[in-house]
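The listed protein sequences derive, respectively, from chains S and Y. Per the working numbering, the first sequence starts with residue 1, numbered consecutively. Per the working numbering, the second sequence starts with residue 101, numbered consecutively.
What the hints contain is simulated information worked out from the structure, not anything from laboratory work. Predicted, not measured: the structure shown is a model, and the values here were computed from it. Please note that a few of the clues may not be correct.
Said to hold, decoys possible - Quick list of the computed label-pair ranges, beta carbon to beta carbon:
| no. | chain 1 | residue 1 | chain 2 | residue 2 | range |
| --- | --- | --- | --- | --- | --- |
| 1 | S | E72 | Y | T124 | 20 to 30 Å |
| 2 | S | Q52 | Y | Q152 | 19 to 29 Å |
| 3 | S | G84 | Y | S179 | 28 to 38 Å |
| 4 | Y | E112 | S | N50 | 37 to 47 Å |
| 5 | Y | H149 | S | V69 | 31 to 41 Å |
Unchecked claim - Pairs of lysine to any residue residues, derived as SDA-like cross-links and limited to a Cα-Cα distance of at most 20 Å, are as follows:
| no. | chain 1 | residue 1 | chain 2 | residue 2 |
| --- | --- | --- | --- | --- |
| 6 | Y | K141 | S | I78 |
| 7 | S | K41 | Y | L126 |
| 8 | S | K23 | Y | N168 |
| 9 | Y | K141 | Y | Q160 |
| 10 | Y | K148 | Y | Q160 |
| 11 | Y | K141 | S | Y74 |
| 12 | Y | K141 | Y | R128 |
| 13 | Y | K141 | Y | A167 |
| 14 | S | K5 | Y | I154 |
| 15 | Y | K141 | S | N3 |
| 16 | Y | K148 | Y | N168 |
| 17 | S | K5 | S | N33 |
| 18 | S | K5 | S | D53 |
| 19 | S | K48 | Y | H127 |
| 20 | Y | K141 | Y | G119 |
| 21 | Y | K105 | S | S79 |
| 22 | S | K23 | S | N33 |
| 23 | S | K11 | Y | H127 |
| 24 | Y | K111 | Y | A121 |
| 25 | S | K48 | Y | M129 |
| 26 | Y | K141 | Y | Q164 |
| 27 | S | K5 | S | I78 |
| 28 | S | K41 | S | G84 |
| 29 | S | K23 | Y | I154 |
| 30 | Y | K105 | Y | R175 |
| 31 | Y | K111 | S | N3 |
| 32 | S | K11 | S | K23 |
| 33 | S | K48 | Y | T132 |
| 34 | Y | K148 | S | H27 |
| 35 | Y | K123 | S | E77 |
| 36 | S | K48 | S | E80 |
| 37 | S | K23 | Y | G184 |
| 38 | Y | K111 | Y | Q136 |
| 39 | Y | K141 | S | D53 |
| 40 | S | K41 | S | E83 |
Cβ atoms here follow ideal geometry from the backbone N, Cα and C, with glycine treated the same way.
There are 2 protein chains.
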Amino acid sequence: MFNVKIFVTYKESILDPQGEAIKTALHRMDYTNVNQVVQGKYFEMQIKHNGQDINEEVDQICDQLLANVNTESYRFEISELVEG
Amino acid sequence: MFNVKIFVTYKESILDPQGEAIKTALHRMDYTNVNQVVQGKYFEMQIKHNGQDINEEVDQICDQLLANVNTESYRFEISELVEG
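Construct the entire structure; sequences and hints are all you get.
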């Protein structure tokens, strides 16, 4: 069993209006030392090992469902859960 | 300067309809080995050190703006950016 954490954010060239809105709000709340804010999506899933390459499977899941590859980029972390 | 990564997810007792919908979609796409899906929000921000305790400041930002403390929980990772 694998525990997978996936982070999806806008590509650098794409405007991130939510991140900008949060930064503006934080400045209004006197957190003026916050310089840059990026908002993205976060997914956590548990995947049962079925013989397939887990990295490849997560890549496919991101490409096909979780991320819009035109505007978003993703990265993920995989850790194996050892069942005792 | 600190780089801060914040993860906001529903508390365990709260229904996560988006996560459920993604799991259903993945099963329909034949990724039947995906067992559990949680969707959350992800924020990345750069915060300038201003003498205040950075952990405390990020806690306040999460409580006051980024998370709904009634239904969501958050965790964060802070790394210091050393400017050479």
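Does the structure keep K48(S) and M129(Y) at a Cα separation of 20 Å or less? Holds: K48(S) and M129(Y) sit about 16 Å apart, inside 20 Å.
Holds or violated: are the alpha carbons of K105(Y) and R175(Y) at most 20 Å from each other? Within the cut-off at roughly 9 Å; holds.
Assess, step by step, whether the Cα of K141(Y) is no farther than 20 Å from the Cα of G119(Y), and give holds or violated. Given that 20 Å is the threshold and the Cα spacing comes to 12 Å, the pair holds.
Is the hinted pair K141(Y) and Q160(Y) satisfied, with a Cα-Cα distance of at most 20 Å? The hint holds at about 17 Å.
Are the Cα positions of K5(S) and D53(S) separated by 20 Å at most? Cα-Cα ~16 Å, so holds.
Confirm or reject the claim that G84(S) and S179(Y) have a C-beta distance inside 28 to 38 Å. Since G84(S) and S179(Y) have Cβ atoms about 32 Å apart, the given range 28 to 38 Å holds.
Checking one constraint from the list: CA of K11(S) to CA of H127(Y), max 20 Å. Satisfied? violated (28 Å)
K23(S) paired with I154(Y) [C-alpha distance capped at 20 Å]: holds (17 Å)
Is the straight-line distance between the alpha-carbon of K123(Y) and that of E77(S) 20 Å or less? Measuring from Cα to Cα gives roughly 19 Å; hence the hint holds.
Hint consistency between K5(S) and I78(S) [alpha-carbon to alpha-carbon, up to 20 Å]: Roughly 7 Å separates the two Cα atoms, so the pair holds.
Please verify whether K141(Y) and I78(S) have alpha carbons no more than 20 Å apart. holds (18 Å)
Given pair status - Q136(Y), K111(Y), alpha carbons within 20 Å: holds (15 Å)
Of the hints listed earlier, those the structure fails to meet are numbers 2, 4, 12, 14, 16, 17, 23, 28, 37, 39 and 40, in rising order.
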